[in-house]
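S.K.: Chains as they are written, first to last, in our numbering: chain Y, 1 to 274; chain H, 1 to 445; chain G, 1 to 289.
Just so you know, the hints here were simulated from the structure itself, not pulled from any lab data.
C-beta atoms are modelled at their ideal positions from N, C-alpha and C, and glycine is treated no differently.
Possibly wrong hints are sitting among the right ones.
Unchecked claim - Keeping only pairs whose Cα atoms sit at most 30 Å apart, straight-line, the calculated DSBU-like set for lysine-lysine is:
(1) H:K251 / H:K153
(2) H:K390 / Y:K63
(3) H:K62 / H:K246
(4) H:K246 / H:K209
(5) G:K12 / Y:K104
(6) H:K251 / G:K9
(7) H:K164 / H:K176
(8) G:K142 / Y:K104
To be verified - Derived contacts from chain G toward chain H, CB cut-off under 7 Å, selection only:
(9) N126
(10) S144
(11) L146
(12) G235
(13) P236
(14) R238
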Amino acid sequence: MNTRASWGKRATFGVGITLAFAYFFPFFLVFVNSVKLKYDILENPLAFPAPITWDNFQQALTKMEFFRSLTNSLIITVFSVSLLIVFSSMLAYYLARTKSKSSKYIFLGLVASMIVPFQALMIPFMALFAPFVSWNNRASLVFFYIGFGVALSTFLYHGFISTIPTEIDEAASIDGASDMVAFWKIIFPMMRPITATVAIINALWIWNDFLLPRLVLTRETQTLPLSTYLFFGQYSIEYGQAMAGLALAVIPIVIFYLILQRQFISGISQGAVK
Amino acid sequence: MKKSMKLGAIALASTLSLSLIAIATPSASANTCPRKATVTMLGTIKIEIQDQFLATVAEYNKSQNCYTVKSIPGDRKLTFLQNVTPMYAAKNAPTIMYTLQEIPDMADKVMDLKTTRIARLVSKSLLASGNVNGRQVGVPSTAEAFGLLYNKKVLDKAGVDPSKIATRADLEAAFKKVEASGKKPLHFSAIWWSLGAHFTNIFHTNVGKTKEARLKGLDDLVDGKANIANNGTFKNWVATMDLLKKYNAGKVNLTDTEYDASIANLAGGDFGFMFQGNWTEPNLITASKGDDFGIMPLPISNNAKDYGNDSIPVGVPGYFMIDEQQSTTWQRKGAIDFLTWLYTSPAGQKRVAGPVEEGGMSFIPVYKGFKVEPKTYMAKEISKYASAGKTLDWMNSYYPAGLQEEVGKVSMQQYFTDKISAADLAKAIENAWKGKPKTWRGEAA
Amino acid sequence: MTRARSIKKFMKFAGVPLAIFIIVLVVPFVNGFYYSFTDWDGFKATKLVGFANYTESFEDPRFWSTLKFTALFVVVSLILVNAVAFGLALIVTSKLKSKNFLRTFFFVPNLIGGVILGVIWQFIFNSALVALAEKYDWEMFKESWLQDTNKAFWALIIVTIWQSSGYMMIVYITGLISIENDVIEASQIDGASPVRTLFSIKIPLMAQAFTIALFLTLRSGFMAYDVNVALTGGGPFRTTELISLHIFEDAFAEGDFGTGQAKAVIMFLVVALAALVQVTISKRYEVQR
């Protein structure tokens, strides 16, 4: 019994470590090749770099305007996610607590919208919002993210609010607090776990989104995935630089994840339970 | 280069001689202006000289203080229209656009440049593809040629004289010689734009000796009257493709990255030939250890006297257009000023035609009054062909938008990888053309 | 609550988000629906054309093959992503000391957008694996997988598994740890083998996690675009175009936006139907337990 269990454990470990290696291998390739000389990469992409050159990184940093793109990504993600949290928690609270036909239909409408493919909207969308975009493209991108993200976020909040007893609202309103005050002071703090979920799911989506920023942003306001992809496309002759660019695009979000790992995992778990 | 190559009529010879008549003209840039305008341009003409072009733009921006030119990166995986349509929808159109086959699609949105100074510095034949129903909607960038490129050192070692290759059989003999010398004969790239635009052009341009006969060939395809499987030129063309496939020693790869691999191969001195154009020369030179690279015709029949066997296709790969719908007068002025500076000022000309090592783009000039000319081995060879009148039309200038993608990404790559027969290929090409607008007859895109 | 008060409350809590939702999503959707009945070329629409765009879509053989290819992709990726994700979840909920470390590795690909992932894997399939195959004489990788329709399909599947199994893994971990320990212990005391415990106790008790994971993979399967465009670009021979890419390519390359929009509407209907069927079936299992 005992040996069987430990054999099972060893097998699990073996499979696990092999898979972990497989999951990491592509990143290994990117990093190894990012410090190689141009044509060494095509000759043997697997060989360890000799000599190591940091020139690729230097070139990629400047050409993809790394720090500017990083700042843009941060600004856009932080604003979009914060506003999504504010708006969708309020909307979900309203819909969950108002037991009327119309609120039920609104909720169904929101849920249904989650399967609308972006391709179905893209061109009419651009035609409609052109003036808005040319006024301030980062602000309009944030606005669009609220529009596209509000359905899923509201859905997640809605599920969670249903588990908060209505007695709490009633107690607050007896104490004379207004709706808004009651919501922000009492209900919203109770929703911390689901807020983390909403934040993480939306942050991952917005940080990595490609097609929408591609349509809306200009060179000055490009986000990181966008500048990486465009940089890669234009410099694919320079493999080393392209690999360095990819490495640069991957590093910030991985660091972010390693710091906030616990929140990420529990956040997604919360989302899954709802 | 790549996706959007096209080109109209040729007359490179006349241009080259025209460029000898130097016309000294002062730069149009004024030093005072009410306010600074930003002029956007989609892309960087082509990617091979992207760094050089961006440096050129920076130099222009420094040279005056009325306009700032900014290059907006395009997505290389998308066609010109795929890039530009959303920008128009977003009222965010670039002021300067650069393309070839989509000129008819854009004609109603861009300026007539007929009265500009630079348009008057180009010969009529080189302006032709940028002229839509009498409006000069585009001005050319340069002239380019494609054909068989070779590494001179490799051929010299193998004892092959490219100037003696006049037939398909000669070509096969040359491949064998290169092989015997221990090198690989050829990298025949399966990349879609090379097959879809350039390799197909070898067929469409060899189809007739006169321009009218060649255009008639396209007419018949559009009208569904062509039966190209029985056409002698088609058969020869397919036989040539089979020969190139047979001796191809490059690793077949249907994605864009094969382009880079093919350049590395020829530059590295392991390969004798590749089917490409002179736009690869800057990259070849940078990647090689001082080898020279030449260009020669791709003979498609076994009779040295047949039309086209001794000539290389030369044409304008793209035209600059200036948006008229969403730009301001100042932006349009800036766009014209930039192009004028680029092609008429000494600094601009040095950038356009100077060597890549010195930050130039090594373009063959098509504007009168050029004092700088590329002096590379390949550029000299091209001008030899041009002055001898041994040039072929770029019929690919007339391909309707989306056609070279359809033919290149599907049927040509299928034939390349032995998925379909020559008869299937003929059918596929006929189907791709059927019912398309005859823009060469003035029909709207 | 009075009517005036309830309207006021609605405006306070729901007004802004709903207004943005309608402006950003509903209006363009309706607009696009309208465009699918016009001769729109991306720049202007001059007339109504009835159902011509829909007829044209259905007469387009490539549209049909794209639909088939997409359906196959959705089914295969749905099954494999969930199978792998569930396997990973079992590994990282076992008693291994290294489980947190492993979980980190499995999740990382999920942090990175599909476009970047696609580009990385294109390099792997086209260059890295080919170079390795030459060196060690591996027949199956000597030719890039991306130039054969079937192999390119599997390349898409592999990258999709690699990208999204980490996320689904967490959904399953949540399901697995929500099962009360005493239920499992009871089954072990009864002498049930681990496999038996898995199929008879664990899986039925976490049916909800399956509903969610299946819905999410179904949805992302139908909407896959980034990986498709960056990995295969629809090649070889435009045979690996998933529906999103097909619409994008067709509408833009030839300026035929009316038809593109009609195809988008058809796509929406297909996704809606598939999602409805999947959720209905899954929910039935949840109720049964």
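S.K.: Are the Cα positions of K251 (chain H) and K9 (chain G) separated by 30 Å at most?
M.R.: violated (67 Å)
S.K.: Is the straight-line distance between the alpha-carbon of K12 (chain G) and that of K104 (chain Y) 30 Å or less?
M.R.: holds (18 Å)
S.K.: Let's test the interface hint: is any C-beta of chain H closer than 7 Å to that of P236 (chain G)?
M.R.: holds (5 Å)
S.K.: Go through the hint on G235 (chain G) and say holds or violated, using the shortest Cβ distance to chain H against 7 Å.
M.R.: Holds, because the Cβ-Cβ distance from G235 (chain G) to chain H comes to roughly 5 Å (cut-off 7 Å).
S.K.: Interface hint check: N126 (chain G), Cβ to nearest Cβ on chain H, cutoff 7 Å. Holds or violated?
M.R.: holds (5 Å)
S.K.: Is it true that the CA of K390 (chain H) sits at most 30 Å from the CA of K63 (chain Y)?
M.R.: Judged against 30 Å, a Cα distance of about 41 Å means the pair is violated.
S.K.: Does L146 (chain G) hold up as a contact with chain H if the rule is Cβ-Cβ below 7 Å?
M.R.: holds (6 Å)
S.K.: Does the alpha-carbon distance linking K246 (chain H) and K209 (chain H) stay inside the 30 Å limit?
M.R.: Distance ~29 Å between K246 (chain H) and K209 (chain H) Cα, so the pair holds.
S.K.: Given S144 (chain G) was flagged as interface, is its beta-carbon under 7 Å from a beta-carbon of chain H?
M.R.: Hint holds; S144 (chain G) Cβ to chain H Cβ min 5 Å, cut 7 Å.
S.K.: For the pair supplied as a hint, K164 (chain H) and K176 (chain H), is the alpha-carbon distance within the 30 Å limit?
M.R.: Given pair K164 (chain H), K176 (chain H) holds - Cα atoms ~15 Å apart, limit 30 Å.
S.K.: So, R238 (chain G) near chain H? Judge it on the closest CB pair being under 7 Å.
M.R.: Since the shortest Cβ distance to chain H is 5 Å, the answer is holds.
S.K.: Checking one constraint from the list: CA of K251 (chain H) to CA of K153 (chain H), max 30 Å. Satisfied?
M.R.: holds (22 Å)
Checked against the numbered hints given earlier, this structure breaks hints 2, 3, 6, 8; the rest are met.
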